[in-house]
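Visitor: Residue numbers (the UniProt record's numbering), protein chains in the order written: chain A, 1 to 213; chain B, 1 to 249.
Hints listed in this document are in silico derivations from the structure and should not be mistaken for laboratory results. C-beta atoms are modelled at their ideal positions from N, C-alpha and C, and glycine is treated no differently. Treat the hints loosely; a few may be bogus.
Claimed, not checked - These stretches of chain A come out as covered by chain B in the derived footprint (C-beta under 8 angstroms, 3 or more residues):
1. 25-38
2. 54-62
3. 74-80
4. 150-164
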Amino acid sequence: MNTAHAELRKLLTLPSLRLTALLTWTANLVLTYAYRAAESGGEPLGDNVALVPLGYTQAGFLVLGVLAVASEYQEGGQIRTTLLAMPRRLPLQAAKAVALAALTLPVAAATATTSTVSAGEATSTPAATGYLTLTTLLGAAVASVVRRAVPAVILLLALYFIAGPLLRAWSATSAAYLPDTAALEPSRGAAATIIWTLSVLTLAAFTFHRRDA
Amino acid sequence: MSLVRAELRKLLGLPTAWVGLALGTLIAPVVVLLNAPYTRRAIAAGTLSDTSDLGLRDLGIGLIGPMVLGVIVVSSEYTSTGQDAPGARQLTATLAAVPDRLRLLLAKTTALVLVVAAQAAVTAAATLTLTQVLHGEHAAAPAPGRVAAAILYWTLTALLAYAITLITRNGIVPLTLLIINSSVVSVSYLLTKVTDLAAYLPDIAGTQMFLRSGDFPVEIAPVTAGLVMIAWVVALLAVGAVLFHRRDV
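Let the hints inform the model, and build the full structure from the sequences given.
Guide: Right, dumping it as structure tokens:
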């Protein structure tokens, strides 16, 4: 409990995380407004209108997860101090995940609410909140394997925004197994999102346990 | 000249630059190859009647390459050189060697333009040749002017990423913005549904330099489109250059 508390305080004092959360939320407001405007202009936007802006702003949550982890590996090597204080790596990794989830949950809830409630689909708010939180954890897990912020961001965004849409256009069946399926189809995608996040978290824990700091 | 060579060597020495080079060069031809059966069926069924953009349209998806290159040519200067020397950044060494900041920027810009233009030429050649081999009987090869415009678009996109990074001094913000926007349905395209002014955003205007059959709210002539995009790049580069000139390291 102490460790999670310490990790949470570390995250709360990172200016880059505050900035990311603020930018993400603002971008979501602007996009939601743009969608409402386009909708009232009679543009066909497809199903799940509430979720489409979130499909873009999930990038902010991926970045949030990456920055939270990569900050440990940045200049100065904070990770070594962290490990000095908390040598058991697996409990540390778990505490980090718990702290990040606790930090993300309110941001995700605020972002999800602005999108869903304005579209009149308040019922999907909890699901969207959960999805965004899991996305953050997935980003954090990938960053924990890659350890550097810019390559991790390139990898994640290329997968979510270039490879994903291409695969979806190419083969409709593969679409149901991509990690961001829930952003487009909550009913089928929940399992995919949970399984992807858990497996990458496991991989991250394994590599963190085995590798030199 | 030796400055440009030094900047080229620095850029090509970055592992992330090779990620950008590989991704950018491979994605477009691979997409053409993967989509070939679908495209053939669409041409046969008559749903794809306008084949003038075939091949050129797929070039847009490889833009992640120039974006990565444009961002890291600046952001690599600002990341710390080692875990044990947190304050040391490559930029301090660079400026010790080249104190004239505007000359340094000029050399950096030249190096970036050379790399991206070469990458764009290779990618465009590969993509269009592949399109000709696969669908040659249905699609005429695009005019050289349009291919040149596509290469110019890649170069300008890299410069846009470069200019934004000069302003933010951090690679993550511009990468996130630009990669999301190069997604299949871009935010700029969405904004064109809200206001016609969004047609003058750099990526929407820029594609009209070489694409003919787009669903654009405002049709802009190729040359005007090029000038609009160049204006964006020049304006952002000017802001970036002034900031780089004035700010502390």
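Visitor: Confirm or reject each hint.
Guide: Evaluated hints:
1. 25-38: The restraint on the region 25-38 of chain A holds, since 5 of its residues have a Cβ under 8 angstroms from chain B and three suffice.
2. 54-62: holds (count 3)
3. 74-80: holds (count 4)
4. 150-164: holds (count 8)
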